[in-house]
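Engineer: Sequence:
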Amino acid sequence: MTTPLVHRRDLGNRSPELALWERQRNRKPVHFVMELLAEAMGVFFYVYAGVGATAPFIIGGILKLDGLGSLFQIGWGYACGIVLALGVCGATSGGGHINPCITICFALFKGFPRKKVIPYILAQIFGAYIASLLIYHQWEVFILEAEAALKKAGVYESLVFTPNGTAGIFALYLPPGQTYARVFLNEFMNSVFVALVIWASLDPTNALYPPVMGPFVIALAYAAAIWGFAVPAIALNSARDVGARFAAMTIWGVGAAGGRYAAISALTNIPATIFAYYLYETIFVDSDRVIPAAQLEYARIVMNHQRFGSAHHHGDSAIRDRNEAETASSRKLSVIEYENTRV
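Numbers 1 to 343, taken from our numbering, label the letters of the sequence shown in order.
Because the hints were derived from the structure by calculation, they are not lab data. Since the structure is predicted, the reported quantities are computational estimates derived from the model, not experimental observations. Any given hint could turn out to be false.
Restricting the straight-line Cα-Cα distance to at most 20 Å, the calculated cross-link-like pairs of lysine to aspartate or glutamate (EDC-like) are [as the list claims (entries may be wrong)]:
#1 110 x 35
#2 64 x 140
#3 152 x 140
#4 151 x 140
#5 110 x 281
#6 64 x 145
#7 64 x 157
#8 110 x 286
#9 110 x 203
#10 115 x 35
#11 64 x 10
Across the chosen pairs, the derived CB separations fall in these ranges [stated by the list, open to error]:
#12 152 x 275: 46 to 52 Å
#13 72 x 20: 44 to 50 Å
#14 305 x 155: 52 to 58 Å
#15 23 x 275: 42 to 48 Å
#16 204 x 31: 22 to 28 Å
#17 207 x 12: 32 to 38 Å
#18 30 x 293: 48 to 54 Å
#19 257 x 305: 39 to 45 Å
#20 110 x 72: 31 to 37 Å
#21 213 x 290: 50 to 56 Å
#22 263 x 118: 16 to 22 Å
#23 290 x 255: 53 to 59 Å
#24 287 x 155: 55 to 61 Å
#25 64 x 12: 53 to 59 Å
All residues carry an ideal CB built from backbone N, CA and C; glycine is no exception.
All chains should be built: construct the whole structure from the sequences, respecting the hints.
Structural biologist: So, in structure tokens, the structure goes:
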């Protein structure tokens, strides 16, 4: 028996003004703007939770206040931000990239429209920038108190643009004693570690990671990387790094730029994620595996969005008629085909 398709509108009508807006919202140019807003808000969630958890840790260290924050808290902050970002924003932005390296990989390997890459990345950076500025203003009184303590101790100039300084709440800096080679290795390996988990979560044959578990598994990978390797310096997300760095430069000036380390923290995760894709595809992908029911149901939900055209039909009759349906001129476009058609 084929499971019937039930759309949200089947459960009840929206108010007339919202129904009118929704008809416009699902027009392709307007929906693209909604995708960009969803990407920006997704990164906002990620940064707001993660950097928000970092602020008390840094300020507490400067003011010698025990228990105000911890690395464990920061890891969970970013993890919660990822789960909330994907849960709230993912459906609108096409799954929730929330990271420029994922957008780039989707364009290279998954059919994501390349014309959308730059706007998506700019939206992601903008989300991190706004979140960082908001966090600064929410914590401003305590940040200024911490800076006054640094000035009183005569170490403000030497500490402000370090991982333990107030600007280090937002921008990432080279830890004392670290070399560029070591921080590159740290960034690359942790980015590969996280990316492998992302590709495993997106593998439609992975029975142990059903779609509903994806956000939690990915969030746990980020948290584990932070718990184990944040002290030697990692960024993991170019949008978080660049957006928050721009915010730090807005607040403290060009001195907050971070020097040569800024390029390592902003760019390393991109080739690392591409490398992880090839690594996963080479070692772990097996086209003879069966796709579990949970993944099929998720694909059914995505493909039957009415914005893409008339609904797919599933069941034995649909399987028998698949070849005819694929050659029919009126067939429903796939999501990738639809997204790559002209606006």
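Engineer: Indicate, hint by hint, whether the structure satisfies it.
Structural biologist: Hint-by-hint comparison with the structure:
1. 110 x 35: Answer holds: residue 110 to residue 35 is near 17 Å, not above 20 Å.
2. 64 x 140: Satisfied, since the Cα-Cα distance of roughly 18 Å is no more than 20 Å.
3. 152 x 140: holds (18 Å)
4. 151 x 140: holds (16 Å)
5. 110 x 281: Given pair residue 110, residue 281 holds - Cα atoms ~12 Å apart, limit 20 Å.
6. 64 x 145: holds (12 Å)
7. 64 x 157: holds (19 Å)
8. 110 x 286: It holds: about 17 Å lies between the C-alpha atoms, which stays within 20 Å.
9. 110 x 203: holds (12 Å)
10. 115 x 35: holds (13 Å)
11. 64 x 10: violated (57 Å)
12. 152 x 275: 46 to 52 Å: holds (47 Å)
13. 72 x 20: 44 to 50 Å: holds (48 Å)
14. 305 x 155: 52 to 58 Å: Because 56 Å falls inside the window, the suggested range holds.
15. 23 x 275: 42 to 48 Å: holds (44 Å)
16. 204 x 31: 22 to 28 Å: Because 25 Å falls inside the window, the suggested range holds.
17. 207 x 12: 32 to 38 Å: Roughly 35 Å apart at Cβ, these two residues keep to the hinted range, so it holds.
18. 30 x 293: 48 to 54 Å: Since residue 30 and residue 293 have Cβ atoms about 34 Å apart, the given range 48 to 54 Å is violated.
19. 257 x 305: 39 to 45 Å: holds (42 Å)
20. 110 x 72: 31 to 37 Å: Given range 31 to 37 Å: holds, Cβ gap about 34 Å.
21. 213 x 290: 50 to 56 Å: violated (18 Å)
22. 263 x 118: 16 to 22 Å: With Cβ atoms ~19 Å apart, the hint holds.
23. 290 x 255: 53 to 59 Å: Since residue 290 and residue 255 have Cβ atoms about 57 Å apart, the given range 53 to 59 Å holds.
24. 287 x 155: 55 to 61 Å: Check passed, 59 Å falls within 55 to 61 Å.
25. 64 x 12: 53 to 59 Å: Holds - the Cβ-Cβ distance for residue 64 and residue 12, about 56 Å, lies within 53 to 59 Å.
Of the numbered hints listed earlier, those contradicted by the structure are 11, 18 and 21.
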